[in-house]
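Q: Here the sequence shown is numbered in numbering that gives the first Met the number 0, starting from 0 and rising by one per residue.
Watch out, some of these pointers could steer you wrong.
With a Cα cut of at most 27 Å, we get these calculated DSS-like pairs of lysine-lysine [as the list claims (entries may be wrong)]:
#  : residue 1 : residue 2
1  : Lys84     : Lys52
2  : Lys84     : Lys208
3  : Lys197    : Lys208
4  : Lys17     : Lys33
5  : Lys114    : Lys12
6  : Lys124    : Lys84
7  : Lys175    : Lys124
8  : Lys23     : Lys52
9  : Lys52     : Lys113
10 : Lys122    : Lys208
11 : Lys197    : Lys177
12 : Lys80     : Lys114
13 : Lys17     : Lys52
14 : Lys197    : Lys113
15 : Lys12     : Lys177
Read the hints as simulated data drawn from the structure, not as lab findings.
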Amino acid sequence: MAFLDQNIVTQLKGFFDKITDDIKIISFLGENDKGKELDGFLNEVSDISNTIKYESYIFGSNNELEESYGITRETSFTIVKNNNKTGINFCGIPGGHEFNSLILSILNLAGLGKKLEDEKLEKIKTVSKPLDIQMFISLSCTHCPEVVQALDLIAMNNENITASMIDSAVFPDEAKEKDIQGVPAVFINGTLASIGAKTFDELLDIVQKS
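All chains should be built: construct the whole structure from the sequences, respecting the hints.
A: This is the structure in structure tokens:
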């Protein structure tokens, strides 16, 4: 089953072919249908251009690697640049509105996407303690991508920050345990920090104060 429309593939190939950095997607899959679905999806993404590499592991088979990337759930993947952690994780399959979040993360890491002003970069670099940002989303949510993309951009510019998009439909028990009533719901180091639509500047202020 094809996950990506051929027109989208053609458009993305033009961007991906410009990538000069070593960009790799590493997945940690469950031995179930969701794991197979994510594997198929990521294979299609990496097949768009030979500039994107892909490798997969069974979740739990390499605990040291999972810990190094901040992976704590199966059906997850991380993006690596030049063999270094970027802090960008996706838990679930970023289809729907979140497909753009994945693509923009790749392009931003490759220097082909959004450029932040020096003032914002300086604010991001003031964060000196480890922050584990978890963004619970719904693939049908129109406000979620803006929050995911903003926090991904923040994370990739500070090695102390990890940002993980988490599809509440794939991890319903966790969403229920956290009593998530609406999305996007952002948790920082386990504490609810934001819910609903937010601008980049609002999210940066929240991250700075965490």
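Q: Given the hint that Lys197 pairs with Lys208, does the C-alpha gap stay at or below 27 Å?
A: 15 Å, holds
Q: Check the hint pairing Lys122 with Lys208 against an upper bound of 27 Å on the C-alpha distance.
A: Given pair Lys122, Lys208 holds - Cα atoms ~11 Å apart, limit 27 Å.
Q: Are Lys52 and Lys113 close enough, with their CA atoms no more than 27 Å apart?
A: Holds, because 22 Å separates the two Cα atoms, which is no more than 27 Å.
Q: Holds or violated: Lys197 with Lys177, Cα cutoff 27 Å?
A: At roughly 20 Å apart (the allowed maximum being 27 Å), Lys177 and Lys197 satisfy the hint.
Q: Given the hint that Lys175 pairs with Lys124, does the C-alpha gap stay at or below 27 Å?
A: Violated: Lys175 and Lys124 sit about 34 Å apart, past 27 Å.
Q: Regarding the pair Lys17 and Lys33, is the alpha-carbon distance no greater than 27 Å?
A: Roughly 31 Å between the alpha carbons, so the hint for Lys17 and Lys33 is violated.
Q: Taking only the CA atoms, is the gap from Lys17 to Lys52 under or equal to 27 Å?
A: 14 Å, holds
Q: Run the distance test for Lys80 versus Lys114: straight-line Cα separation, threshold 27 Å.
A: OK: Lys80 and Lys114 at ~17 Å, within 27 Å.
Q: Lys197 and Lys113: Cα distance at most 27 Å?
A: 18 Å, holds
Q: Is the Cα-Cα distance between Lys124 and Lys84 27 Å or less?
A: At roughly 16 Å apart (the allowed maximum being 27 Å), Lys84 and Lys124 satisfy the hint.
Q: Verify the proposed pairing of Lys12 with Lys177, using a straight-line Cα cut of 27 Å.
A: Violated, at roughly 39 Å.
Q: Need the status of pair Lys114, Lys12: alpha-carbon distance at most 27 Å?
A: 21 Å, holds
The structure shown violates the earlier hints numbered 4, 7, 15.
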